[in-house]
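Novice: Position chain B relative to chain A; hints supplied.
Take a look at the letters that make up each chain.
2 protein chains.
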Amino acid sequence: MTRIDFWYDFASTYSYPAAMRLEQLAAEHPIELRWRPFLVGPIFAAHGWRNSPFNIYPAKGRYMWRDIERICARYALPMQRPDPFPQNSVLAARVALALPDADRPGFSRAVYTAEYAQGKAIAERNVVAELLTGLGHDPSSTIERANSEPIKTKLRTETDEAQRLGIFGAPTCVVEGGEMFWGNDRLEEALAWALAHG
Amino acid sequence: MTRIDFWYDFASTYSYPAAMRLEQLAAEHPIELRWRPFLVGPIFAAHGWRNSPFNIYPAKGRYMWRDIERICARYALPMQRPDPFPQNSVLAARVALALPDADRPGFSRAVYTAEYAQGKAIAERNVVAELLTGLGHDPSSTIERANSEPIKTKLRTETDEAQRLGIFGAPTCVVEGGEMFWGNDRLEEALAWALAHG
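Quick mapping for you: the protein sequence lines, in order, are chains A and B. Read left to right, the first sequence gives residues 283 to 480 (this note's numbering). Read left to right, the second sequence gives residues 283 to 480 (this note's numbering).
For reference, chain A alone in the conformation it holds in the complex (with noise of 0.2 Å):
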């Protein structure tokens, strides 16, 4: 079974239909995935950007709330801007990545969709408690084990890890043997070639 690293950003707003889509093209398929949260900021850091490109660049950032409009409109999915833009994603990035696999994509959905669905701040730790605690998770010792050194480290490895793979935005597939996939809009694609180069 061909496995595809879906590597994602909770700050990213083209990771979010990715994110509610991604588990249903899978599951039609014989594909691996794993959901790897890691920061986009540090990489844009190395290209000067102290803020998302789309904030530095207006008429980008205008171009692509729009696009993103269409694109959740076209796949039924709510979508209000967050304020501020970007959201601070390290919390729920460390929480994603303190649980265990099995229930990472279901927090990372829960993630996206009260930040981009309900315009909530999920930077604010009451509101990831709260998406924990209706998971069936115990809030206080998961973000517990979200901040502990460990947790930390692994988020800077994985950012590393990302960079290294030449990864520069989210979100972004790569498929088993490196093949490399950015943008909601090359998930089909990145299935595809995992079917057919597996």
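Since the hints were derived computationally from the structure, they do not count as laboratory data. Misleading hints may appear alongside valid ones.
Each pair may be met inside one copy or between any two copies, as identical chains are not told apart.
[Said to hold, decoys possible] DMTMM-like, lysine to aspartate or glutamate: derived pairs with alpha carbons at most 25 Å apart: (1) Lys434 / Glu412; (2) Lys402 / Asp349; (3) Lys342 / Asp467; (4) Lys342 / Glu458; (5) Lys436 / Glu458; (6) Lys402 / Glu351; (7) Lys434 / Asp287; (8) Lys436 / Asp420; (9) Lys342 / Asp287; (10) Lys342 / Glu443; (11) Lys342 / Glu440; (12) Lys402 / Glu305.
Specialist: Using the frame of chain A, we list chain B on its own:
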């Protein structure tokens, strides 16, 4: 009949498959196409970029070359990297504007084919002259007209207009009414939008 303005730069990699695919896609539908060459350079310069972002950000550049290779393979389009990249597209853009509207698509596809399928230097006068001859145009008088003040001004005002519309990259389709679609991978969506909202 709904109009789509196809904004493209001869230096742009993703404009190549878009230009090669567009005429046929539009021919299958009641769409009026306007081919509008412009220069992304001045718009990039406003971002502080004095070179292609694919050269400035190497990871993005490496991905783009692989992505465009896959795209061209899918559409059975030959692809080789121009050297240097990007090519200076000013002469080709001026010639495209100097030609009658009906001759612009054919000349534009010939330029892209020379550049990306045959690896020719489209910045060179003799290369452009050869393309014009092949299409039945008189090269000397056409290039003379292309380098006249009215055409130089026209290319500047077209580029200004692209920027005013919020265009930040090429290719970009702008459907009558203002809806904007960026990238070769949004051509079908632009056509669908034009048909649904025309």
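Novice: Against this structure, judge whether each hint is valid.
Specialist: A quick look at each hint next to the structure:
For the identical chains of this complex, Lys434 and Glu412 are intra-copy neighbours only, at 21 Å inside a copy versus 61 Å across copies, given an alpha-carbon limit of 25 Å. Taking the shortest Cα distances, Lys402 and Asp349 sit within 25 Å of each other inside one copy (21 Å), while across copies they are farther apart (35 Å). Within a single copy, Lys342 and Asp467 get their C-alpha atoms as close as 17 Å, and across copies as close as 16 Å, so both meet the 25 Å cut-off. Proximity of Lys342 to Glu458 under the C-alpha cut-off of 25 Å is restricted to the inter-copy arrangement: shortest distance 20 Å between copies versus 32 Å within a copy.
In the homo-oligomer, the alpha carbons of Lys436 and Glu458 lie at most 25 Å apart inside one protomer (21 Å), although the nearest pairing across protomers, at 49 Å, exceeds that limit. For the homomeric pair Lys402 and Glu351, the shortest alpha-carbon distance inside one copy (18 Å) is at most 25 Å, but the shortest distance between copies (40 Å) is not. For the identical chains of this complex, Lys434 and Asp287 are intra-copy neighbours only, at 20 Å inside a copy versus 49 Å across copies, given an alpha-carbon limit of 25 Å. In this assembly of identical chains, the alpha carbons of Lys436 and Asp420 lie at most 25 Å apart only when taken from the same copy (21 Å versus 65 Å across copies).
Taking CA atoms no more than 25 Å apart as the test, Lys342 paired with Asp287 passes between copies only; the shortest distance there is 19 Å, against 27 Å inside one copy. In this homomeric assembly, Lys342 and Glu443 come within 25 Å of each other (Cα to Cα) only across copies, at 16 Å, whereas the closest approach inside a single copy is 27 Å. Taking the shortest Cα distances, Lys342 and Glu440 sit within 25 Å of each other only across copies (19 Å), while inside one copy they are farther apart (28 Å). Taking the shortest alpha-carbon separations for Lys402 and Glu305, only the intra-copy value of 23 Å comes in at or below 25 Å, while the best inter-copy value is 45 Å.
In the structure shown, no violation is registered for any of the earlier numbered hints.
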